[in-house]
Structure formats: C-alpha cells, structure tokens
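Participant: Chain A is fixed; fit chain B onto it per the hints.
Each chain is listed here by its residues.
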Amino acid sequence: MNREKIEVLKRKFGSQILSLKEEKGEITLLVKLEGLKNLLKALRYDDEMAYDMLIDLCGVDYLGEDPRFEVVYLLRSLRDGDRLRIKVRLNEDQEIETVSDLWRAAEWLERETYDMFGIRFANHPDMRRILLPDDFNGHPLRKDFPAEGYDFDKPFEVKLEEES
Amino acid sequence: MGIEERELERNVLITSVEKLVNWGRKFSVWPLTFGLACCALEFIVAGSATVDMARFGSEVARPSPRQADLMLVAGTLTKKMAPMVKRIYEQMAEPKWVIAFGSCACTGGIFRSYNVVQGVDQIIPVDVYVPGCPPRPESFLAALIKLQKKIERETVRDRKLISAP
Numbered sequence: 001m002n003r004e005k006i007e008v009l010k011r012k013f014g015s016q017i018l019s020l021k022e023e024k025g026e027i028t029l030l031v032k033l034e035g036l037k038n039l040l041k042a043l044r045y046d047d048e049m050a051y052d053m054l055i056d057l058c059g060v061d062y063l064g065e066d067p068r069f070e071v072v073y074l075l076r077s078l079r080d081g082d083r084l085r086i087k088v089r090l091n092e093d094q095e096i097e098t099v100s101d102l103w104r105a106a107e108w109l110e111r112e113t114y115d116m117f118g119i120r121f122a123n124h125p126d127m128r129r130i131l132l133p134d135d136f137n138g139h140p141l142r143k144d145f146p147a148e149g150y151d152f153d154k155p156f157e158v159k160l161e162e163e164s
Numbered sequence: 165m166g167i168e169e170r171e172l173e174r175n176v177l178i179t180s181v182e183k184l185v186n187w188g189r190k191f192s193v194w195p196l197t198f199g200l201a202c203c204a205l206e207f208i209v210a211g212s213a214t215v216d217m218a219r220f221g222s223e224v225a226r227p228s229p230r231q232a233d234l235m236l237v238a239g240t241l242t243k244k245m246a247p248m249v250k251r252i253y254e255q256m257a258e259p260k261w262v263i264a265f266g267s268c269a270c271t272g273g274i275f276r277s278y279n280v281v282q283g284v285d286q287i288i289p290v291d292v293y294v295p296g297c298p299p300r301p302e303s304f305l306a307a308l309i310k311l312q313k314k315i316e317r318e319t320v321r322d323r324k325l326i327s328a329p
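Protein chains in written order, with our numbering: chain A, 1 to 164; chain B, 165 to 329.
Derived from the structure by calculation, the hints contain no laboratory data. Fair warning: there could be bad hints in the mix.
What the hints assert, rightly or not - Only some residues are given here: those of chain A computed to face chain B with a beta carbon under 7 Å:
| no. | residue |
| --- | --- |
| 1 | P133 |
| 2 | P140 |
| 3 | E148 |
| 4 | G149 |
| 5 | P155 |
| 6 | F156 |
| 7 | V158 |
| 8 | L160 |
For each residue, glycine too, the CB sits at the ideal point set by N, CA and C.
Just chain A, with the same shape it has in the complex:
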C-alpha cells in the first residue's frame, strides 16, 4: 500500500522531493521547505493518502551544517495502517508554516519545537513557550546551548503576577 502512495507522491510532487530513503520498510522523504504546506495538506486530505494522524513533530539541530535545523513529521494512516516520515531543512532566519490546522496535535508539538530549538512556526494560533518559563533566555536543545543555561551565575528571581 505504502509503495503505491509513494508513486503517486512522486508523480504529483516530484519536483519537491529532494531524496527518498527506505530502510527496514520505513520510508523517509526529505522535501523542500517551499510548498511544504501543500504537500502535507495533500498527505492529510487526499483520499489516496489519508495520513490522518500526526504521531510526532520534532526538531533536530545540525550545528555547523547549512541549513542548520531539521523538522521531522511522523505521519500515520489509520485507514491503511502505514507510516511516513517527512523531513524538511531550514535555517535560523527562516520560518516554517504551521500544520496545526491540518492536525490539531501539531499545536503543542510546534510550541515544544519552538521552545527547544527556536524554530518559528508562521500562522500558529498560540506561538508561546510550552515547557519553560516565558522569560527564559535561549533554546536548550540547540547544540550551542550550555547545559547550565546562560543565566546560571546570576541569582534566580521569581516574579509573581499581580492578582487582579
């Protein structure tokens, strides 16, 4: 089933796919950042694709490479029972389009990716940090982030919000 889908994808989005890897039955697509949203929309809603579940969305930091970051989408089709991995590379100054309107699960996952890597998702409904305090300095899963953080030597201060 998966192989037929790949053929359809190649026919429709051939110019956008940079590489296709298959290992132990798992298929990984590396695609271009431009037009990513259209590709994902097709994967989500086209009847021949029907990847209706977003298992995970995460970031990777390849420090020293260009482009520096990678965003990984793990998709699953509940109808056909197969999986697909989509990867896309982008730089620090680039924004990536949100997919939270395609899969609601993406909303928090994108917030986490932003929190940990500083990758910004355009048109996200609520682009805030999710795990760390709002006034946190830096993005801890970046490879150049020191384990103690940037403010380790400074005394820690707590600001309580004024009660209204």
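Facilitator: Showing chain B alone in chain A's frame:
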C-alpha cells in the same frame, strides 16, 4: 506579627511568656501536604506507623497553606514551578518555617542544569537544610527536632511581618 506582640507593648516584657508561646508552638508544627519530587515519599513515610512523626506533634498535615506552619520543600524545584512554590509560601500565615528536604532543595543537587533552581533559599528563606538523595525519614525527624530547638530560642522580636527575601 500576631497578638502577643501587640499585647506585650502594653505590658512588661516577660521572657517566660515567650517560653510559653514557643513551647506551645514547637509541639504543634503542622506541615503542609506538599511535595515536588521523589523526596516527598520520604515525607509520607515519616507519617507512617514505623517512623511516626506524631510523636513530635507534627502529624496533622494540612492540605491548605493557610492552616500550615511548616513548608517542607521536598524535591527538585524547577524554574517553572518556582512561582507556585513562592506563592504557596506567601499564602502561609505567620509564624511559618521552611525545611529544605533533600539535596535538590538544598543546592539543586545533581541537576546543575538550566531548568532547576539551585537551592530553594534563592526564593524563600530556609530554616533547616537536610542533605541526602533522598534523606531517610529519620532525617526528617532530626530536622524537625532541630527546628523545635530553633523555635524554642525564638523571641517575639525575631518575627516581623516578613516577606520572602
């Protein structure tokens, strides 16, 4: 602080009143039911029949900070959690005491990390530190006895309407 300070202003200061108040206080240190990480389990065990902190008058763990005297910060304090801990501390009525229970609460412990507060004394004043990872429940009793000794020595002038540092 409380009633006795206002009363004593109009009267002669007698040390034995302090002694009486402190004596009453030290045997009814009510802890707050509050835990942040694994050290909280040691606190639970301290209330069990084998260790039994009721022998020292502290068996009444209160779920509300308004009714508690002792805040036992048991566990790792993350920076995200810090505002809540400080708020709970400020909600407690005077007189109030704090025990930093376990290495993480004392100094940050093994977490020399961007997301862990390196010691709760950075946000609230601490009376007794208990190191250990985790400390045994007996250590909690030892800390409680130390705190009782500290309460014994307190005077009405020690306690002002303080907020956190």
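Participant: Each hint needs a verdict: does it hold in this structure or not?
Facilitator: The hints, checked one at a time:
no. : hint : in the structure
1   : P133 : 5 Å, holds
2   : P140 : 6 Å, holds
3   : E148 : 6 Å, holds
4   : G149 : 3 Å, holds
5   : P155 : 6 Å, holds
6   : F156 : 5 Å, holds
7   : V158 : 5 Å, holds
8   : L160 : 6 Å, holds
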